[in-house]
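Visitor: If you want the building blocks of each chain, they are given just below.
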Amino acid sequence: NAGVTQTPKFRVLKTGQSMTLLCAQDMNHEYMYWYRQDPGMGLRLIHYSVGEGTTAKGEVPDGYNVSRLKKQNFLLGLESAAPSQTSVYFCATFHSYNEQFFGPGTRLTVL
Amino acid sequence: RKEVEQDPGPFNVPEGATVAFNCTYSNSASQSFFWYRQDCRKEPKLLMSVYSSGNEDGRFTAQLNRASQYISLLIRDSKLSDSATYLCVETPGYSSASKIIFGSGTRLSIRP
Numbered sequence: 001n002a003g004v005t006q007t008p009k010f011r012v013l014k015t016g017q018s019m020t021l022l023c024a025q026d027m028n029h030e031y032m033y034w035y036r037q038d039p040g041m042g043l044r045l046i047h048y049s050v051g052e053g054t055t056a057k058g059e060v061p062d063g064y065n066v067s068r069l070k071k072q073n074f075l076l077g078l079e080s081a082a083p084s085q086t087s088v089y090f091c092a093t094f095h096s097y098n099e100q101f102f103g104p105g106t107r108l109t110v111l
Numbered sequence: 112r113k114e115v116e117q118d119p120g121p122f123n124v125p126e127g128a129t130v131a132f133n134c135t136y137s138n139s140a141s142q143s144f145f146w147y148r149q150d151c152r153k154e155p156k157l158l159m160s161v162y163s164s165g166n167e168d169g170r171f172t173a174q175l176n177r178a179s180q181y182i183s184l185l186i187r188d189s190k191l192s193d194s195a196t197y198l199c200v201e202t203p204g205y206s207s208a209s210k211i212i213f214g215s216g217t218r219l220s221i222r223p
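Chains as they are written, first to last, in the working numbering: chain A, 1 to 111; chain B, 112 to 223.
If you're looking for bench data, these hints aren't it; they were derived computationally from the structure. Treat each hint with caution, since some may be false.
Over the 12 Å line for every Cβ pair with chain A, so calculated as not near, a few chain B residues [claimed, not checked]: (1) Gln149; (2) Glu154; (3) Met159; (4) Ser164; (5) Gly165; (6) Gly169; (7) Leu185; (8) Leu191; (9) Pro223.
Derived DMTMM-like pairs (lysine to aspartate or glutamate); straight-line CA-CA distance at most 25 Å [as the list claims (entries may be wrong)]: (10) B:Lys113 to A:Glu59; (11) B:Lys113 to A:Asp26; (12) A:Lys9 to B:Asp150; (13) B:Lys156 to A:Asp38; (14) A:Lys70 to A:Asp38; (15) B:Lys156 to A:Asp26; (16) B:Lys156 to A:Glu79; (17) A:Lys57 to B:Glu114.
As the structure is a computational prediction, the values presented were derived from the model and not from experiment. Glycine included, C-beta positions come from ideal geometry on N, C-alpha and C.
Go ahead and model the full structure; you've got the sequences and the hints to work with.
Guide: Okay, structure coming up:
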């Protein structure tokens, strides 16, 4: 089992460019999350999904969109990247009163 | 006030020492608590759950104090490999899984 995978691992964008981050899981978990992590800020929730076809806003959703067309995939889109979106992005899944499983992260730099 | 607060550290202790750090939370209705470990430039991984009765796993002990609304992590006989950032996590419950709250982390550095 691969668990939670993220694509790509690294990316450099210019301001105004767009991109999509892909999160894939093979654990059949219903809940999926996108977080960003900045130095000294901890993990902040961008968007989450409680099941296929559903999405909801988290703490810092502005500038991002998401889609969950298939249960195993959760996509995070940046339509017009800004330097403030330079961060490490983590995807995670959640199953019950238990742990979250995280992907390895995507390191994004916006110039 | 932040929902989950941790001392950012760094805690710099010699190998073999015992180190402890706390995490305070503001939601008295929170159901579950966890400690995660995050190595530099890696994803967080579950270290241990925190139960009201306390939880021990080898050199690690986690405690929950609901009256004072804090959880603690104690590491005995610390190893160089314990150097990492430790994240405190609060979960209201499965029905509110969107409200999983992470602390900013406490950095621990073990020196030889």
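Visitor: Indicate, hint by hint, whether the structure satisfies it.
Guide: A quick look at each hint next to the structure:
A beta-carbon of chain A is positioned within 12 Å of the beta-carbon of B:Gln149; the least distance is around 9 Å. At roughly 4 Å, the least C-beta separation between B:Glu154 and chain A is not larger than 12 Å, which violates its mark as non-interface. Chain A draws B:Met159 into its interface by the beta-carbon criterion, the shortest separation being 10 Å against a cut-off of 12 Å. Interface exclusion of B:Ser164 from chain A stands, the closest Cβ pair being 16 Å apart, more than 12 Å.
Here B:Gly165 stays apart from chain A, with its beta-carbon at least about 18 Å from theirs, past the 12 Å limit. Even its closest Cβ contact with chain A, about 18 Å, leaves B:Gly169 beyond 12 Å, as expected for a residue assigned away from the interface. Under the 12 Å C-beta cut-off, the non-interface status given to B:Leu185 relative to chain A holds; the minimum distance is some 20 Å. Look at B:Leu191: its CB is around 23 Å from the nearest CB on chain A, clear of 12 Å, so calling it non-interface holds up.
Remark: the non-interface label on B:Pro223 is consistent with the geometry, its nearest Cβ contact in chain A lying 26 Å away (cut-off 12 Å). Taking the CA atoms of B:Lys113 and A:Glu59, the gap is near 13 Å; set against the 25 Å cutoff, the hint holds. The hinted pair formed by B:Lys113 and A:Asp26 fails the criterion: a straight-line CA distance of about 34 Å is larger than 25 Å. With a CA separation close to 17 Å, the supplied pair A:Lys9 and B:Asp150 stays within the 25 Å bound.
A threshold of 25 Å between alpha carbons decides the hint, and for B:Lys156 with A:Asp38 the separation of about 17 Å falls inside it, so the pair holds. Annotation: proposed proximity of A:Lys70 to A:Asp38 is violated, straight-line Cα distance about 29 Å (limit 25 Å). Note on B:Lys156 and A:Asp26: the hinted pairing holds, with a Cα-Cα distance of about 17 Å set against a maximum of 25 Å. Distance hint between B:Lys156 and A:Glu79 is unfulfilled; the C-alpha atoms sit about 30 Å from each other, more than 25 Å.
Between A:Lys57 and B:Glu114, the direct Cα distance comes to roughly 18 Å. Compliance with the 25 Å bound is thereby established for this hinted pair.
Hint compliance for this structure: hints 1, 2, 3, 11, 14, 16 are broken, all remaining hints hold.
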